[in-house]
Structures are given as C-alpha cells and as structure tokens.
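Using the sequences provided together with the hints, build the complete structure.
What follows is each chain in one-letter form.
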Amino acid sequence: MDDSAIIDLFFERSEQAIDELDKKHGAAVRKTAGNILQDRQDAEECANDAYLAVWNSIPPQRPNPLAAFVCRIVRNLAISRLRRETAQKRGGGLDLVLDEMEEFLPSAQDVEAELEARELTERVNRFLSTLSYDDRFFFVRRYFFADAVKDIAAAAGQKESRVSLRLFRLREKLKKTLEKEGLLV
Amino acid sequence: MKREEAFDALSGLDDTFIAEAIRYAPAESARPPERIAHVKKRIITLALAAVLILALSVTAYAAISAMSHRIPDPEETFRITWNDGPGGYIEWTDAKLVVTFPDTAESKEIEFRSGWLPEEMASLQTDDWRGRLTAEKLCRNGGGGNKAVPAYDDMVNPLQINVYSASQFNNGGAMLLLYYTPEEIIEEHWDELNVDVMRFHTTQLREAIPEIDLPERTLVQDQLILFNPEAGWIIRICGEIGMDQLIKVAQNLEIRETGRVLTYDDFESHYLFIDGGVG
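As given, the protein sequences belong to chains C and W, one line each in that order. This note's numbering numbers the first residue of the first sequence as 1050 and each following residue consecutively. This note's numbering numbers the first residue of the second sequence as 598 and each following residue consecutively.
Simulated from the structure, these hints should not be mistaken for lab results. Honestly, I wouldn't trust all of these hints.
Pairs of lysine-lysine, DSS-like flavour, derived with a Cα cap of 27 Å [claimed, not checked]:
{"hint": "1", "chain 1": "C", "residue 1": "1072", "chain 2": "W", "residue 2": "693"}
{"hint": "2", "chain 1": "W", "residue 1": "705", "chain 2": "C", "residue 2": "1072"}
{"hint": "3", "chain 1": "C", "residue 1": "1072", "chain 2": "W", "residue 2": "734"}
{"hint": "4", "chain 1": "W", "residue 1": "845", "chain 2": "W", "residue 2": "744"}
{"hint": "5", "chain 1": "W", "residue 1": "744", "chain 2": "W", "residue 2": "734"}
{"hint": "6", "chain 1": "C", "residue 1": "1072", "chain 2": "C", "residue 2": "1199"}
{"hint": "7", "chain 1": "W", "residue 1": "845", "chain 2": "W", "residue 2": "734"}
{"hint": "8", "chain 1": "C", "residue 1": "1208", "chain 2": "C", "residue 2": "1225"}
{"hint": "9", "chain 1": "C", "residue 1": "1208", "chain 2": "C", "residue 2": "1222"}
In structure tokens:
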C-alpha cells in the first residue's frame, strides 16, 4: 500500500491505518527506536507510542514523506524515554554515536554564544546537500538513526572499515565547514 | 551545547535526507531533489498516456491458475523478519490459507476506478484513480455517522479493493489468510483482463464476550483474488456484500498502469495478510 493510501486510512479513522503503517514502515521504526534504546521491549513500546502520536497527528497533518515523519517521531520519543529511564545506563551504542558527534558539533566551550539547535540543523542540512548519496546515507544512518557501523556497512554492501573511514572523513569535513563559517573556534 | 542536545538538533534534518536513508537505494535516490521531481512528472505523464480501460465480460472458464494455494498445517510457522537482530522478527502460526505466486521480476504498478458499485455505495463512486477502496465508513461501526447505510448496519467490511504486486512475493513470500476459514476455492481465468481468478467464501467464529454483552457470532466474507501474470499485478476484492456483487464490481473495474515498475527490493515485507486488521 502506498503512503497516500495509508494516510487516507488515518483520515478515515480506520484502525487498519496502524496495521498498514506498521507493515510498511515498522521495520524502520523499530530499528530507530532499538538503536537508541538498546532494548527490544522498550523499542516495541516506543514504536507503539509513535503510532499513537501519528494517529493523533493525522489528520490534520498529511505528512510527505510519511516514513521520515514517523521515524522522526519515534526518534524523539526514544530520546525522551532514554533520558527519563536510563540516564545511568551510559556506555551503550548511542554513547558511541554521541562521542563521535562531539568531534564536529559545537559545545558550550567552543562557541562564544551557544548555537541554537535550529541554526545547527540548518547548517547540517546544507552540508548534507553537498554530499554524495552514499556519504549522506552513511551520515544520516549513523547520526540520525544511530545505526551501528556494521549495520550501515551491511546495508550498503561495503566493508565496515570503509564506512568507518568515510564517517571519520565526514566528521572532519563538517568540522572544517563549521569552522569556516565561524561556528567553531 | 550538550551532546544530547546536539543529537536532538539533528531531529530537524530535512525529510528528504531521512526518507532516502530509510533504505539503501543509490540508483533511485542519488539524484538531487529537482531531478526526482522531474522523474515523478514523467511517470505521471506516462500514466496518463497509457490509460488502459479494460472491460470484462461475464464469461469465465476453469483453468490452471498461475497462483497456487494450500492449507498449511496449523503448526506451520511463518517468520517475518525485519532485521537480523534477536528480536527482529514476528512468527505466525495457524494460518488458514497460503496463496503464492510465480517469481515475477517486475510488476507493473496499476490503479483502478470503479465502473460499478452497489447503489448503497453511491457516495464512493468517483472518477478518482485509486490503489485502494474501502466502504467501511458506510457502516455504523466504521464511524459512518450520517453517511452510514442501514443495509450495512451489521457489517464491518462491506467492500474493500486493494492492489498488490506479485514481485513482492518472490523467494517464498505469500499472502496469508490468518483468521477466516476458506470454503470451496474456485479458480478461473478471465480472458478480457487476462487474469487468473481465485475466489472463495470464508467464515470466522467469534466467541461470545459476556463482559460487554456480545453474543457468539459468525463473520462471513467473500474473497476474490485477480492475478495478471504478464503484468505482475494483483487485485484483491473482498467484503460482506456477497460474491455475486463482488464479481460485478470486479468485472466493471477500469484499470490503468501508472508507468512505474516494482521489484522485490521495493518491498520491506514479503508476506501480506489477506485479512490483516480484521481479526
């Protein structure tokens, strides 16, 4: 079923909408939640919360693309849940992602005034638009979906070491870009 | 900015980047957005140029279908995997019917509009081309409100039409009937649409729920599966309005190709539930 038909089901308030959403995008939703929460049951509950949020958002919204919409919701819910429930559980897969991000994202010590999250997002979006498809795929899978490097490599049919190297270079490139724009000192 | 806040900030990444990263498909997605928009326009133009309006006659004859079906053992397990992790799958048992299709490299995507619907469904009769049609909103229990049709008061699914692609079911994939029990399965070939047809009546016994004063009841539906082996598309028509009316709906469908071709890799799951969401 295509996304517009699924959205039609939400507009019709048919509970089949949830089933169809889950069939079409459930894998991506669960994986996103699982990457962040590192717990299958938590991820499943988070996915269900995301579906409820989608149910409450459509209508009036008619998101396009639907996959990005639901993945963004589940990511936000997973982050909130992680903060709420597992503040002491450091050292998981997400921690590695955050460690890497520290290499290129400004911290309070690096900038004179704290960068607004929205502004940072815009800069990163602009940076992504300059990348090749593969590089953009690696970056978004790692820093939006918090995928393990081995999973990204498997999805792209490439060696893990190559993906790690590409991610390292992308971090360096973004850091230089942000420095050039005066956002990092 | 704390690193968790930085991670939050990336929640605002552009929809296009997130959507293209859902699955690895460089050949389709590597183009810049302007190019993607251009290709979409071309597909729509192709679809408009290639309208296929196919009328069906009422004649049908028995034939060996390209579709296959079997009643699985109740213990037979169907594993639907969405990732390689330990929890990345669901297992189903007690399926009532398995419908399979020959491996199909490419399925032509189609859409349809109804040339005939029962008069109670007049509000659904439009010129729109669709990939799906449902009449559940005409039921009192389907949120029908003032559109509810008294004749459908006791129904939950008067009519539903869905379009599928055979290429989804390669490598052992199948359509599964989970809850309803099929009765005699009739196989035909309809020349005019060049479709193999499988049709059957189904029943499901629902136990009483005394807590909400719901008595035991039997739900019935009829199912029609139309498969065009040359183009690789499938149309499923089901509902409670009776087989005769479902056949008439099927025979009056107008069908056209969108110009898009779907392959195995376009689908995340290679199983579908014929009665998904109903049981």
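Right, here's what the structure says about each hint:
no. : hint            : verdict
1   : C:1072 / W:693  : 20 Å, holds
2   : W:705 / C:1072  : 21 Å, holds
3   : C:1072 / W:734  : 22 Å, holds
4   : W:845 / W:744   : 23 Å, holds
5   : W:744 / W:734   : 8 Å, holds
6   : C:1072 / C:1199 : 25 Å, holds
7   : W:845 / W:734   : 21 Å, holds
8   : C:1208 / C:1225 : 26 Å, holds
9   : C:1208 / C:1222 : 21 Å, holds
Hint compliance for this structure: no hint is broken.
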